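Those protein sequences? They're chains E and P, same order as listed.
Going by numbering that gives the first Met the number 0, the first residue of the first sequence is number 0, and it counts up by one from there.
Going by numbering that gives the first Met the number 0, the first residue of the second sequence is number 0, and it counts up by one from there.
Because the hints were derived from the structure by calculation, they are not lab data.
Please read all numbers here as calculations on a predicted model, not as lab measurements.
Quick reminder that beta carbons are idealized off the backbone N, C-alpha and C, glycines included.
Please note that a few of the clues may not be correct.
Claimed, not checked - Straight-line C-alpha distance at most 25 Å; calculated DMTMM-like pairs for lysine to aspartate or glutamate:
no.	chain 1	residue 1	chain 2	residue 2
1	P	K442	E	D431
2	E	K120	E	D203
3	P	K429	E	E43
4	E	K504	P	E112
5	E	K120	P	E238
6	E	K439	P	D485
7	E	K84	P	E230
8	P	K429	E	D431
9	P	K492	E	E469
10	P	K221	E	D54
11	P	K442	E	D57
12	E	K313	E	E394
13	E	K471	E	D431
14	P	K242	E	D57
15	E	K351	E	D450
16	E	K266	E	D387
17	E	K55	P	E230
18	P	K312	E	D308
19	P	K242	E	D77
20	E	K55	P	E107
21	E	K55	P	E222
22	P	K312	E	D77
23	E	K504	P	E107
24	P	K311	E	D339
25	E	K74	P	D201
26	E	K388	E	D308
27	E	K58	P	E447
28	E	K79	P	E238
29	P	K312	E	E40
30	E	K84	P	E239
31	P	K224	E	D57
32	E	K152	E	D105
33	E	K74	P	D446
34	P	K269	P	E222
35	P	K376	P	D182
36	E	K504	P	D101
37	E	K492	P	D446
As the list claims (entries may be wrong) - Covered stretches of chain P (in silico footprint by chain E; criterion: 3 or more residues with CB under 8 Å from a CB of chain E, positions within the stretch not fixed):
no.	segment
38	228 to 241
39	433 to 446
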Amino acid sequence: MKKNLLAASLIILVAINSQSQTLSIENVHRVSLRNSDAIKEGSEVKGYYFFYVSDKIDKRTNEYTLQITDNNLKKLKDIKFQDSKHVSILESSFNGTDLIFLFYNDDERTFEYQVYGADGKKKYSYNRQLTKKEERYLENSYLAMEDDENNFKGLYPIDGKGFISNMPSREDKDYTFQLDFFSTEKKKQWTYIPTIGGKKFIGDYLGYHNGVVFIEVLKFTGMMDGNPESSIVGLDLETGKQVFEKSTDQAKYKFYPASMSVMNDGKAVLFGEYFNPNGNIIKDKSLGFAFWGVNEKGATVNEKYCAWDLELGKFLNVSSKGKIEDFGFMYLHNMIQTADGNIFAIGEGYKKVASGLGIAAKVLSMGRSNGLSTVKVKVTDMILIKFDKDYNVKEAKIYDKNSNTQELPGGMEFTSTPLIGKLLKYTFGKFDYAYSQTNKENTSFTVCYSDYVRGKDYKGGTFNSISYNEGKVTTDKINTKSDATRSAVMPGKQGQVLILDYYKKAKRIDVHFEKLN
Amino acid sequence: MLMQINIARRINPATGKACIIGDFAIYLDDSTCLNLIIQAMRIERSAVFLLIFFIASSCAAQLQPVYTFQKDDSLLKKNYYDQSAKKKDILLASVDKKNLPDYKKIYENQFKEIGQLWQSDRSVTAPGAHEYLQSVVQKIISANVELKKTDARVVFSRDWWPNAYSMGDGTIAINAGLVVFMDNEAELVFVLSHELAHYFLDHTGSAIKKYVETVNSESFQKELKRLAKTEYGVNRQLEELSKSFAFSSRRHTRENEAAADRLAFSFMKKTGYDCGAIKTSLELLDKIDDSLLYKPLALQQVFNFNEYPFKKKWIQKESSIFSQLDENDSPLTLKEKDSLKTHPDCTQRISLLNDSIQAIPAGKKFLVNEELFRQLKKNFFIEMTEQCFRDKNLGRNLYYSLLLLQVQENTPLAVYSVARGLNRIYEYQKNHQLGTKIDAVSKSYPDEYNQLLRMLDQLRLDEIANVNYYFCKQYESLMKGYAGFDEEMNKVKQLRKNL
Chain E
0 MKKNLLAASL IILVAINSQS QTLSIENVHR VSLRNSDAIK EGSEVKGYYF
50 FYVSDKIDKR TNEYTLQITD NNLKKLKDIK FQDSKHVSIL ESSFNGTDLI
100 FLFYNDDERT FEYQVYGADG KKKYSYNRQL TKKEERYLEN SYLAMEDDEN
150 NFKGLYPIDG KGFISNMPSR EDKDYTFQLD FFSTEKKKQW TYIPTIGGKK
200 FIGDYLGYHN GVVFIEVLKF TGMMDGNPES SIVGLDLETG KQVFEKSTDQ
250 AKYKFYPASM SVMNDGKAVL FGEYFNPNGN IIKDKSLGFA FWGVNEKGAT
300 VNEKYCAWDL ELGKFLNVSS KGKIEDFGFM YLHNMIQTAD GNIFAIGEGY
350 KKVASGLGIA AKVLSMGRSN GLSTVKVKVT DMILIKFDKD YNVKEAKIYD
400 KNSNTQELPG GMEFTSTPLI GKLLKYTFGK FDYAYSQTNK ENTSFTVCYS
450 DYVRGKDYKG GTFNSISYNE GKVTTDKINT KSDATRSAVM PGKQGQVLIL
500 DYYKKAKRID VHFEKLN
Chain P
0 MLMQINIARR INPATGKACI IGDFAIYLDD STCLNLIIQA MRIERSAVFL
50 LIFFIASSCA AQLQPVYTFQ KDDSLLKKNY YDQSAKKKDI LLASVDKKNL
100 PDYKKIYENQ FKEIGQLWQS DRSVTAPGAH EYLQSVVQKI ISANVELKKT
150 DARVVFSRDW WPNAYSMGDG TIAINAGLVV FMDNEAELVF VLSHELAHYF
200 LDHTGSAIKK YVETVNSESF QKELKRLAKT EYGVNRQLEE LSKSFAFSSR
250 RHTRENEAAA DRLAFSFMKK TGYDCGAIKT SLELLDKIDD SLLYKPLALQ
300 QVFNFNEYPF KKKWIQKESS IFSQLDENDS PLTLKEKDSL KTHPDCTQRI
350 SLLNDSIQAI PAGKKFLVNE ELFRQLKKNF FIEMTEQCFR DKNLGRNLYY
400 SLLLLQVQEN TPLAVYSVAR GLNRIYEYQK NHQLGTKIDA VSKSYPDEYN
450 QLLRMLDQLR LDEIANVNYY FCKQYESLMK GYAGFDEEMN KVKQLRKNL
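With the rest of the complex left out, here is chain P (with noise of 0.2 Å):
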């Protein structure tokens, strides 16, 4: 069977659509409730640490070395992947014995996934911004009685994409791509409430055991074996089959994301952050847009140099075939497409609680830090910027890369970070490699984005070391003792010798 429910789901990064918060959530137990609320106790604590941090970072970056991330609490990333895999295997021991198999291989699948979180570098467990996050999170916990024995294990994480997801084992992430789009820290609550409301409706069991028990159902196995004993026809109707699964299944993720609505609002209101948070958070989802962030990238400017001037064919779009073909190119009626959406328009979704929100007085925007929350976005643009890097997303660092050039505010780290991107593009290109790691131009990505893919798609392997070499030579007075930039110009003059 081809037919396969989400668990736990991340937005696709290669789409790079907008977020949509993620999925579900689940019951808690003591002992995790308990270790939140000892770090709760650090908060006070960490904040002082926190803001000592981002002031030495930005007062040093003139000088500051080769980027090095924020440095995670390990033991902690053990503790927390000991939890889940704890949880795990309580969650199996409770399931119906009958369809064993079929929750282990889900339950399995699904904790693969929360151990690479935990087990990477994606999860950010540094003391200061995990205990701003956690005395974030006790603000919801502590107003909700409801959730006084919650284990849930809530970590920002350094993918680019812009999301926020509970696994359903107690493991909700705020992607950095989420945070660097928020306004404010009421924003931050109500995506955090939505995930702790599907996890204390437990969403993500729920739908397991709906499919689980589905496709064990007499009906579904009786169709089934009928369809293996059928000659012709069947691929029709095994996708009529799992088409009204999908639709079905997809009515109740919706109706679960209302659900989760409801609640994180019943959780927000008590918390006495600004409840209209709500609303501009679901309107940024429906229109997140790096240029939102960002004036647009100026490609022909910053690499064009008088003695290597800018070729404009870099950047020159194909004709591609049959341009009509991709729109509205669906077998599916608008009523399909609409069914199989997990998630309500966000328009929708406001709508359903706009009249509540308006009933209630407004909140505060920040209670706990509004110049760590500031600081906080500036310092995940860089780490999920980095985290591209190490992910080998070659292309998409390079963009943040010269995103963050542009902005001016930490110029030494962008030019390394750009020397550094194009000398690695260079190699995987000359070891025809490049290809996985850097992504395909996208209608779903912003024009600058596609621009830049569009430039290294292009780009002869004499010519990005030319680039390299020239936008270097342009910073080298500037970035002269900076840690890791002296190595990257040898490299690209020795490229250049070699051509």
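Only chain E is shown next, with the shape it has when bound in the complex (with noise of 0.2 Å):
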């Protein structure tokens, strides 16, 4: 995708003949692009920047513009400074009433988040230096992370009072993580790394909920250390002073929380697979999905356990270990709730096979080790299951595309199936699923992904929508081969998908928006 933002981001460089829902662009030239994405606020699309090298004033120093769009690809400001040639943005995000870029200067190691207002005009600059041991940290972790839109993603926004950033972190011999808050409506700032009780620590910022920023952290003994202690963590939003921290080590079940949400009663949920008491988290197979509804000290307002088995196996052909017939294991993308107080799982179903091309290297190789695993992993279908608002399964659909498969790296045959999923997500980046988009109302959703077609009238990939609209689910898919030489699909308007066409030969580009039915 990042290469097609390219020929997204030739639109503000030449004329623009606008005529329908359609950017037509002309005389295309070739420019030097650093970065471009949409501006969401939440799943929302709310506009698109674009980022590029309008001119070399020195050896050193390039003049960069950064140019805002609104949702329709309306031109609304040309930001234009100079800085040193090795900036790029890494991210941005929109709090509601502020934007935030995060530029990153690779030959100086620093980090600079930039807030702009309303009227678009710069309010506060934050800066981080950073050691060579955290660059070094940082290029394996987080600069080399990839999510849903093939983005960085360390940057989230807290409705009209600031974002938090959350970034992996050396400090002294210790792997830990920053979390950093910057507020939008005074320059003030706080940063929180844990340290202590650890050698190791992961932490995922879960969400905001009544002045407290939820995380979860894993945090290792040792480097080897292969089952972490996993607990929530509350910081106080204005002084970044930790509120309370939970184990959910300590329940009926273990519990990893993936995300969090405020659901329409103004609750707070948290969310995540559930393991059993002894088990481990990052190894075993889960017993199912895991409700938790806390409060801002921290306390366990209720729980509820949906096992596979129980509860999916109501509907679906699904063993206790969560395995699912003929799609495998479900990795849980996104969970949403609607208006009507349903909640939507979104999971993807990968399973491990035999690998013809490991075991053929296994054997020539006489049974040493070589550097494929005799396993790989097929990537399946996807999942919609619904719950209703007290968490009991109400449906599930298996919704078909055509698998795609992974090898994987001598010695992964006996790693866990959880384990291998977050691979797959993180470190592959094969799943299909691209990213999912609720309506301000909630009363309705939209599950996209990517898939590739072999069929008679048209082989190619294809971009499939899953929508939830007032009740009724509908599947859409558009082709994504066409006349033009190179297509590609951004996000756009809940329900709405940006197309871009660009046309080689013709050095033009036609970008339009087309709704997903």
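Mind docking these for me? Both chains are given alone in their own frames, and the hints should help you get the complex.
In structure tokens:
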């Protein structure tokens, strides 16, 4: 997608003829583009930004233009500035009132968070100097990470208040993470870096509720520790001070929260998978879904556990370890609660299968260890599970798509299924799931994913959607192979996508929105 | 080079911005002049024909079959096309051979656009409307000896955007989208005089010459070569260079506009038409808006049915980020912005001519045929609505169809057009191609049109089918026997079944 964004960005440099919901760009010239992406408020696309080098000033300095458009691609603002030629934008976010951009200077090893207000003027700038160790660690973690839209992910909006930045960090010998809050109300910042009680910490931002920032923390006693402690940590949004730390290993089951949502009743709910009380959340297979209602003091208000076989088994042929027939295990991408109270889990299947290539390699190498595993992973179909407001499974449906496979490195035959799911997501980027979006009223949502079709009438990539609108689920498919030399699909407003068609011969790019049916 | 001169400018259809009468004019040749005179001799006969046509069409409205355009004279279009081609060759033969490739490129491009007008159904050569126009043109020519030999080919076009333009080879077009806003024949005469003046003063030819000579000049080329070797700050310097060129060419263009206004006044004052129309025309151009003609489009009523009520969310405005950003956001100073305008402000144009207009006695608002003019306006609204459908500009087609429905003069045609439009919109949306067939919301559009565009943006596939079904059902008895309607009704019934 990043390559295709290059095309989108050319919009800004050339004369455009705007007719229909199309931007037709002629005389497309080669430009030096740094980054571009959709600007989102939550899952809602509110606009796009295009960041490019607009001029070379001297040997070390470039002039940059940061162009902001609205969600109809109407140009709103050009922000021009001069900076080192080593600058790029890593990500952006919008919190309903302000925009933030994270700039990275890979020569000077600096992060700069720039906040822009509603008038497009720069409000504040927050800097962070990285050490060499930090830079190396980030290059192998955050900077190498790709999320659903193949982009960096570590900036989270807090409505009207500011942004949370979360990224890996190194403190002396410890591998940890750094959580920063950047206020948009006034120039104010705090930082949280856990270093006590472990040698390695992994932190995931879960959400914000009633003045408290919730994070999931995995604490490892050493670099080789394979059974970390899991806890939820609450931080005061105003001060950054820890409000609570609550273990998720001490309840009826071990719980590994994946995300947090504030439900329609205004209460916060953590959701994720649960494991045996003596199990290992990194290595073992989960027993099912868990939902924990929590308050701002970290107290559990209610718990609900949905076993794979007992709950999901009513609708699909599923084992007690969560393996669904023909589908494999489920990787949970997202959970959405709609205005009618129903909760939807969006997942994708994957399973281990024998690797002919890996087995042949092993035979040829006389059983010695070699580069490939004798098993590979097959990514299968999409799944949508509907829960009622009390988290009882009400429906589950698998949406077929063509499978694709991923060879694994040698020695991974016995790696646990959940870990393989994480590898597929973050290391191999093999899942077809692209993103999901809800409308403001939460009455509808759209799940988007890609596929590849080898049909009689059409052979090529497709962009697919599962849409829920006022109780009805529909599916749709857009063929992404067209007369154009290259086409790409980007997120648009909920229920819409932005299609970019690049015509090489005509040196033209057409960009238009299309609705998903 | 990105710099490019606008040779024959039409107003950007996407912005729908008020008409600023188009540019430039050129000299005439004898053969086409003769042609015009022959056409003028046919005027009286054609006026009668046109009247009959209009009366017939309005009487038959209730049982009118699927709308068809007024039948164009294809031979005349072919003749005009050939004349334009010939003129292009003449113009090319007269240019400085040193810069021939540049001239050739410009004139070929220009001819491509002109050819498209003659070869498409955009140009109106149907005898009634066309000959009426020629009779008005003839009023100007016969009163001005310097125009006697003009080879201008003047036509109405079915284009919706309010504009008139002179292409520089003698082709002059007055869009239906402008005519529908005019109040009288005298206003049409001013617009025609202005375009004839551009042609007479050869503004297009001069502008092309100036452009080609400038970009090929020693100093300009030297500067370009210097920039090609420069490593830093190239874009800024290129921008400066193109800006100075643009300011200079726009200044000339504005001077040309003022000159065309002066000459138009000179042409017009001899015709017997009321020169006060110059003022009203220019005032109209300044504030042109659909709300001048039609009462606001009541979408919430048109698409509200007992069985399928209108949903407010269909037209709800989305909160926009940086709502303040799009105001006054330009690196250009006010002076620079002003310098880039191709036309002087209409108030300025009026003030330049006001004293002269006051000094002459008031003339007539109509000299050819008031009734025909009024009927022409009505018919042109239908023609441009239909043209939008043919151009697959489905959002605008639906908008005009709904406005037509509100007027209640051509209800069956409007109902059919709405039903057909919504069915096409359904088909394009189903195939994910609607985005290229409807406009995006724009500040320059009337609020009601933006509201309709928002609705089309919001409606889901099943909702389009339902809205159209209940719309058709509401008019089912009225539309009984109306050719084409049953087909659309059956289509929407089938679409609902497939949901």
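Hints, verified against the model:
Taken as a hint, the K442(P) and D431(E) pair is broken in the structure, with Cα atoms around 38 Å apart against an allowance of 25 Å. For a cut-off of 25 Å, the pair hint linking K120(E) to D203(E) is broken: about 31 Å separates their Cα positions. At roughly 23 Å between alpha-carbon atoms, K429(P) and E43(E) fall within 25 Å of each other, so this suggested pair holds. A C-alpha spacing of about 21 Å is found between K504(E) and E112(P), which places the hinted pair at or below 25 Å, so the restraint holds.
Between the alpha carbons of K120(E) and E238(P) the distance comes to roughly 24 Å, so the proposed pair stays at or under 25 Å and holds. Restraint check for K439(E) and D485(P): the C-alpha separation of about 39 Å exceeds 25 Å, so the hint is violated. With a C-alpha separation of about 14 Å, the suggested pair K84(E) and E230(P) falls inside the 25 Å cut-off, and the hint holds. At roughly 23 Å between alpha-carbon atoms, K429(P) and D431(E) fall within 25 Å of each other, so this suggested pair holds.
Annotation: proposed proximity of K492(P) to E469(E) holds, straight-line Cα distance about 22 Å (limit 25 Å). Distance hint between K221(P) and D54(E) is fulfilled; the C-alpha atoms sit about 21 Å from each other, no more than 25 Å. Between the alpha carbons of K442(P) and D57(E) the distance comes to roughly 40 Å, so the proposed pair goes past 25 Å and is violated. With a CA separation close to 9 Å, the supplied pair K313(E) and E394(E) stays within the 25 Å bound.
In summary, the hint linking K471(E) to D431(E) is supported, as the alpha carbons are separated by about 23 Å, within the 25 Å threshold. The suggested pairing of K242(P) with D57(E) holds, with an alpha-carbon distance near 23 Å, which does not exceed 25 Å. Restraint check: the Cα-Cα separation between K351(E) and D450(E) comes to about 20 Å, which is no more than 25 Å; the hinted pair holds. Proximity of K266(E) to D387(E) is assessed by CA-CA distance (about 16 Å); at most 25 Å being required, the pair is judged to hold.
About 7 Å separates the Cα atoms of K55(E) and E230(P), which keeps this hinted pair within 25 Å; it holds. With a C-alpha separation of about 41 Å, the suggested pairing of K312(P) with D308(E) is violated against the 25 Å cut-off. Distance hint between K242(P) and D77(E) is fulfilled; the C-alpha atoms sit about 18 Å from each other, no more than 25 Å. For the suggested pair K55(E) and E107(P), the alpha carbons sit about 37 Å apart, so the restraint of at most 25 Å is broken.
Distance check on the hinted pair: K55(E) and E222(P) sit about 18 Å apart at the alpha-carbon level, within 25 Å; holds. Under the criterion of a C-alpha separation no larger than 25 Å, the hint pairing K312(P) with D77(E) is inconsistent with the structure, at around 32 Å. Taking the CA atoms of K504(E) and E107(P), the gap is near 20 Å; set against the 25 Å cutoff, the hint holds. The hinted pair formed by K311(P) and D339(E) meets the criterion: a straight-line CA distance of about 19 Å does not exceed 25 Å.
Taking the CA atoms of K74(E) and D201(P), the gap is about 37 Å. The hint is violated against a cut of 25 Å. This hinted pair checks out: K388(E) and D308(E) have alpha carbons roughly 20 Å apart, not beyond 25 Å. The suggested pairing of K58(E) with E447(P) is violated, with an alpha-carbon distance near 53 Å, which exceeds 25 Å. Between K79(E) and E238(P) the alpha-carbon distance is near 14 Å, which keeps this suggested pair within the 25 Å criterion.
Proximity of K312(P) to E40(E) is assessed by CA-CA distance (about 20 Å); at most 25 Å being required, the pair is judged to hold. Of the pairs offered as hints, the one joining K84(E) and E239(P) holds, with about 23 Å between alpha carbons and a cut-off of 25 Å not exceeded. With a C-alpha separation of about 20 Å, the suggested pair K224(P) and D57(E) falls inside the 25 Å cut-off, and the hint holds. Proposed proximity of K152(E) and D105(E) is supported: the alpha carbons are some 18 Å apart, at most 25 Å.
Taking the CA atoms of K74(E) and D446(P), the gap is about 20 Å. The hint holds against a cut of 25 Å. Restraint check: the Cα-Cα separation between K269(P) and E222(P) comes to about 49 Å, which exceeds 25 Å; the hinted pair is violated. At roughly 9 Å between alpha-carbon atoms, K376(P) and D182(P) fall within 25 Å of each other, so this suggested pair holds. A threshold of 25 Å between alpha carbons decides the hint, and for K504(E) with D101(P) the separation of about 22 Å falls inside it, so the pair holds.
The straight-line distance between the Cα atoms of K492(E) and D446(P) is roughly 21 Å, inside the 25 Å bound, and the hint therefore holds. A count of 6 residues in the segment 228 to 241 of chain P with a Cβ less than 8 Å from any Cβ of chain E is obtained; the coverage claim is therefore met, three being the minimum. Proximity of the segment 433 to 446 of chain P to chain E, defined as three or more residues with a beta carbon under 8 Å from a beta carbon of that chain, is established by the 9 residues found.
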